[in-house]
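Modelling step: build the complete structure from the supplied sequences, incorporating the hints.
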Amino acid sequence: AQSVTQLGSHVSVSEGALVLLRCNYSSSVPPYLFWYVQYPNQGLQLLLKYTSAATLVKGINGFEAEFKKSETSFHLTKPSAHMSDAAEYFCAVSDGSGGQNFVFGPGTRLSVLP
Amino acid sequence: ETGVTQTPRHLVMGMTNKKSLKCEQHLGHNAMYWYKQSAKKPLELMFVYNFKEQTENNSVPSRFSPECPNSSHLFLHLHTLQPEDSALYLCASSQDELTSGRGQQFGPGTRLTVL
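Each protein sequence line maps, in turn, to chains A and B. Anchor point for the first sequence: position 86 equals 86 in the working numbering, and the numbering is continuous, going up by one each time. Anchor point for the second sequence: position 14 equals 14 in the working numbering, and the numbering is continuous, going up by one each time.
Honestly, the hints are just simulated from the structure, not real lab data. Just to be clear, a hint being listed does not mean it is correct.
Said to hold, decoys possible - Some, not all, of what chain A presents toward chain B, calculated at C-beta under 8 angstroms:
id	residue
1	S28
2	Y32
3	F34
4	Q42
5	G43
6	L46
7	T51
8	M83
9	S84
10	G96
11	G98
12	F102
13	F104
14	G105
What the hints assert, rightly or not - Covered stretches of chain B (in silico footprint by chain A; criterion: 3 or more residues with CB under 8 angstroms from a CB of chain A, positions within the stretch not fixed):
id	segment
15	54-63
16	94-106
Stated by the list, open to error - Simulated DEER-style distance windows between Cβ atoms:
id	chain 1	residue 1	chain 2	residue 2	range
17	A	G16	B	N17	46 to 54 angstroms
18	B	T55	A	S12	38 to 46 angstroms
19	B	R111	A	H10	17 to 25 angstroms
20	B	K18	A	S70	49 to 57 angstroms
21	A	V29	B	S38	26 to 34 angstroms
22	B	E56	A	S52	22 to 30 angstroms
23	A	Q45	B	T99	14 to 22 angstroms
24	A	L20	B	R111	25 to 33 angstroms
25	B	T113	A	S84	23 to 31 angstroms
Only a predicted model underlies this, so the values are computations on that prediction, with no experimental measurement involved. Cβ atoms here follow ideal geometry from the backbone N, Cα and C, with glycine treated the same way.
Okay, structure coming up:
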């Protein structure tokens with residue numbers, strides 16, 4: 001079974017500062033890994049995904065994430081935060097076998113301070 | 001526009017009411033999902049339909065009743081709900097359930113409040 005932990009339920013950064021949102025996973029098979037973003041009063045939008053190709057994955061809005069098997073991590077980063085990045089971010093893991101095995105983390109709320 | 005639409009966007013209902021949530025996608029996907037998102041809790045998978053057949057029911061109370069008349073439409077029928085059922089209900093779709101591991105497309109959600 002898969003599981004996901006996200007360190008920090010709330011992260012605050014200043015505008016222009018580095019964004020780092022942490023995600024660690026547990027999976028018995030090579031995982032698929034995802035980051036989703038949820039803006040207020042909206043559904044989830046896929047930011048990026050890792051599907052066993054390149055370990056450094058680039059997504060939309062300048063975000064990227066690096067798959068590190070030895071650390072079982074898939075942290076999300078962005079070099080320079082914008083006010084519009086304020087949202088809830090969810091990491092998810094799947095073994096590719098079906099809906100039951102697509103597991104979301106608890107989420108991290110990102111605040112961007114002016 | 002996400003490609004997955006949900007109506008209504010907001011719903012307030014009493015515990016004795018009966019209402020339905022609707023989800024629609026015209027992406028050619030064959031798998032559809034209902035999730036519940038409560039404050040301070042991870043997303044909870046409720047139901048999965050693959051090619052109109054229900055493949056998963058995650059121990060959801062019977063006061064929630066899903067219906068999938070075709071691959072493009074998914075309903076969640078609600079009756080005699082409890083205040084703790086208040087949450088954001090998200091619909092998602094994917095090409096088929098086996099490819100859900102490659103990501104799902106989500107609708108905007110229905111914010112449900114049970115009084």
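Against the structure, the hints:
Given the 8 angstroms rule on beta carbons, the hint for S28(A) is violated: about 14 angstroms separates it from the nearest Cβ of chain B. Interface restraint check: Y32(A) against chain B, minimum CB-CB distance 5 angstroms, threshold 8 angstroms, status holds. Residue-level restraint check for F34(A) holds (minimum Cβ-Cβ distance to chain B is 6 angstroms; threshold 8 angstroms). Look at Q42(A): its Cβ gets to within about 5 angstroms of chain B, closer than 8 angstroms, so that hint holds up.
Look at G43(A): its Cβ gets to within about 4 angstroms of chain B, closer than 8 angstroms, so that hint holds up. The criterion of a C-beta within 8 angstroms of any C-beta in chain B is met by L46(A), whose closest approach is roughly 5 angstroms, and the hint holds. For the restraint placing T51(A) at the interface with chain B, the shortest Cβ-Cβ distance is roughly 6 angstroms, inside the 8 angstroms limit, so the hint holds. Interface restraint check for M83(A): the shortest CB-CB distance to chain B comes to about 22 angstroms, outside 8 angstroms, so the restraint is violated.
Checking S84(A) against chain B by beta carbon gives a least distance of about 18 angstroms; that is not within 8 angstroms, so the hint is violated. Look at G96(A): its Cβ gets to within about 3 angstroms of chain B, closer than 8 angstroms, so that hint holds up. Of the supplied interface hints, the one on G98(A) holds, with its beta-carbon coming within about 5 angstroms of a beta-carbon of chain B, less than 8 angstroms. Contact between F102(A) and chain B, as hinted, is supported at the beta carbon level, the nearest pair being about 5 angstroms apart and thus within 8 angstroms.
This hint holds: F104(A) has a C-beta 4 angstroms from the nearest C-beta of chain B, less than the 8 angstroms allowed. Contact between G105(A) and chain B, as hinted, is supported at the beta carbon level, the nearest pair being about 7 angstroms apart and thus within 8 angstroms. Under a criterion of three residues with beta carbons nearer than 8 angstroms to beta carbons of chain A, the stated coverage of the segment 54-63 of chain B is upheld, 3 such residues being counted. Counting residues of the segment 94-106 of chain B whose C-beta sits closer than 8 angstroms to any C-beta of chain A gives 10, which meets the bar of three, so the coverage hint holds.
Separated by about 49 angstroms at the C-beta atoms, G16(A) and N17(B) satisfy the suggested range of 46 to 54 angstroms. The hinted range of 38 to 46 angstroms is satisfied by T55(B) and S12(A), whose Cβ atoms lie roughly 41 angstroms apart. The supplied range of 17 to 25 angstroms is met by R111(B) and H10(A), whose beta-carbon atoms lie about 21 angstroms from each other. Taking 49 to 57 angstroms as the suggested C-beta distance range, the pair K18(B) and S70(A) conforms, at roughly 53 angstroms.
At about 29 angstroms, the beta-carbon gap between V29(A) and S38(B) stays in the expected band of 26 to 34 angstroms. Separated by about 25 angstroms at the C-beta atoms, E56(B) and S52(A) satisfy the suggested range of 22 to 30 angstroms. The beta-carbon spacing between Q45(A) and T99(B), approximately 18 angstroms, falls within the hinted interval of 14 to 22 angstroms. A beta carbon spacing of about 30 angstroms between L20(A) and R111(B) agrees with the range 25 to 33 angstroms that was offered as a hint.
Hint check: T113(B) to S84(A), Cβ distance near 28 angstroms, so the stated range 23 to 31 angstroms holds.
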